[in-house]
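These protein sequences, in sequence, are chains A and B.
The first sequence begins at 1 in this note's numbering and counts up by one.
The second sequence begins at 1 in this note's numbering and counts up by one.
Don't read these hints as lab results, they were simulated from the structure.
Please note that a few of the clues may not be correct.
No farther apart than 16 Å at their CA atoms in a straight line, the calculated lysine to aspartate or glutamate pairs in the EDC-like style are these [claimed, not checked]:
id : chain 1 : residue 1 : chain 2 : residue 2
1  : A       : Lys73     : A       : Glu115
2  : A       : Lys8      : B       : Asp140
3  : B       : Lys73     : A       : Asp108
A few chain A residues that face chain B, going by a derived Cβ cut-off under 7 Å, partial list only [to be verified]:
id : residue
4  : Ser63
5  : Arg70
6  : Trp103
7  : Asp108
8  : Gly142
Simulated restraints on C-beta separations [as the list claims (entries may be wrong)]:
id : chain 1 : residue 1 : chain 2 : residue 2 : range
9  : A       : Asp37     : B       : Glu87     : 52 to 60 Å
10 : B       : Pro71     : A       : Leu65     : 22 to 30 Å
11 : B       : Ser47     : A       : Gly30     : 30 to 38 Å
12 : A       : Lys21     : B       : Trp103    : 34 to 42 Å
13 : B       : Glu109    : A       : Ser31     : 35 to 43 Å
14 : B       : Thr130    : A       : Ala17     : 56 to 64 Å
15 : B       : Leu83     : A       : Gln134    : 29 to 37 Å
16 : A       : Asp37     : B       : Thr130    : 54 to 62 Å
17 : B       : Ser47     : A       : Pro32     : 30 to 38 Å
18 : A       : Lys79     : B       : Ile188    : 55 to 63 Å
19 : B       : Leu83     : A       : Gly84     : 39 to 47 Å
Every residue gets a Cβ at the ideal spot worked out from N, C-alpha and C, and that includes glycine.
Protein chains: 2
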Amino acid sequence: METQKTNKIVSFIGGKAGEYKINTISTISGSPIALCDFVSIKKETLSDSQRTNSTWVLQGFASNLRYTTRPEKNILDEKPSVLGISENKCLAMIPIKKNSAWWLLTQDERRQILEEDSKHIEIGFKYLATINRQLYHSRDLGEVFDFITWFEFSEENEAQFNELLSKLRSTKEWTFVEREVDIRMTRI
Amino acid sequence: METQKTNKIVSFIGGKAGEYKINTISTISGSPIALCDFVSIKKETLSDSQRTNSTWVLQGFASNLRYTTRPEKNILDEKPSVLGISENKCLAMIPIKKNSAWWLLTQDERRQILEEDSKHIEIGFKYLATINRQLYHSRDLGEVFDFITWFEFSEENEAQFNELLSKLRSTKEWTFVEREVDIRMTRI
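For reference, chain A alone in the conformation it holds in the complex (with noise of 0.2 Å):
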């Protein structure tokens, strides 16, 4: 009975072949990763042998929100977020990496600096209806990332992601990501 488990964990593989034809990859800080044409996912754990023939592979889990308060829930909550529409051709996985500080921090002091300061969670409120997203957890899973968040829109409103990022990258929050890499890529 306690083996029933569930598999929770997803993994993005980097290499030859894959759904998801890579366009760009752009390092925004930190040291980059290699480069590589396609992407895949797989809601798996991957055997050796899927890694060894794999340029990279970054894994993640979809877990409950840790920030979020209940009136904001529920704005969410309005339009949520629906992955896989085909005609969201454009598509990015960008991986993070938070510095040690941000990590030292308690969760009083993390929540301060996400939303009373950054308002990350009120900036993203412009794009729901418009960007899609899923955000991964990395960093228990002792990944080289603490987050992996994955993106599909369509070509129209590639601006309105742009400005997104913009937005975020020029917050207090964001200066605590010490390595960060935006891999833009197109649905197959």
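Based on the hints, put chain B in the right spot on chain A.
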């Protein structure tokens, strides 16, 4: 480079051999787990053959504190937990699962219940010097329990430990616990 990950997953293995001799397994709520005589801890995920040879395997990872504020953290840091002290012969492992109502709450609602209503952190302050402990998160690994807490204390402090549990189990927070097993062991 991207494959240089650190293992953070700890496996608690119930079976016929191990460093910790089980004295009692008490089901506090929900369904029981299979009885066995020993617990072993490995700081790794397990192979299929290691799993086959065990009665049960529960896994989790230590992580950053999810609710603690700075003033609370400062009190915790004055008396840090130390595991592995040979004089602390009494060990307890308490896996719990909270219900779906808990996980539908937002961060502010969970904090309200955990501390403002239930004084979970404040209750623990009295026992910092005598009850050493470590919390492991399991839910994000798709495990059957959400958390595993490991405790170490001396025989003379066993009554104090039972008092701590009794206080916590009578809180509003504990009305969200749908499964709890209390495994008591002796260090060999």
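Here is how each hint holds up against the structure:
1. A/Lys73 <-> A/Glu115: holds, 13 Å
2. A/Lys8 <-> B/Asp140: holds, 7 Å
3. B/Lys73 <-> A/Asp108: Measuring from Cα to Cα gives roughly 11 Å; hence the hint holds.
4. Ser63: Interface hint status for A/Ser63: holds (5 Å vs cutoff 7 Å).
5. Arg70: With Cβ-Cβ at 5 Å, under 7 Å, it holds.
6. Trp103: holds, 6 Å
7. Asp108: Holds. Min distance 4 Å.
8. Gly142: At 4 Å from the nearest chain B Cβ, A/Gly142 passes the 7 Å test, so the hint holds.
9. A/Asp37 <-> B/Glu87: 52 to 60 Å: holds, 59 Å
10. B/Pro71 <-> A/Leu65: 22 to 30 Å: Since B/Pro71 and A/Leu65 have Cβ atoms about 24 Å apart, the given range 22 to 30 Å holds.
11. B/Ser47 <-> A/Gly30: 30 to 38 Å: holds, 34 Å
12. A/Lys21 <-> B/Trp103: 34 to 42 Å: holds, 36 Å
13. B/Glu109 <-> A/Ser31: 35 to 43 Å: holds, 39 Å
14. B/Thr130 <-> A/Ala17: 56 to 64 Å: The hinted range 56 to 64 Å holds for B/Thr130 and A/Ala17, with Cβ atoms some 57 Å apart.
15. B/Leu83 <-> A/Gln134: 29 to 37 Å: holds, 36 Å
16. A/Asp37 <-> B/Thr130: 54 to 62 Å: Holds, at about 58 Å.
17. B/Ser47 <-> A/Pro32: 30 to 38 Å: holds, 34 Å
18. A/Lys79 <-> B/Ile188: 55 to 63 Å: Holds - the Cβ-Cβ distance for A/Lys79 and B/Ile188, about 57 Å, lies within 55 to 63 Å.
19. B/Leu83 <-> A/Gly84: 39 to 47 Å: At roughly 45 Å between Cβ atoms, A/Gly84 and B/Leu83 fall inside 39 to 47 Å, so the hint holds.
Against the hints set out earlier in the document, no violation occurs for any number.
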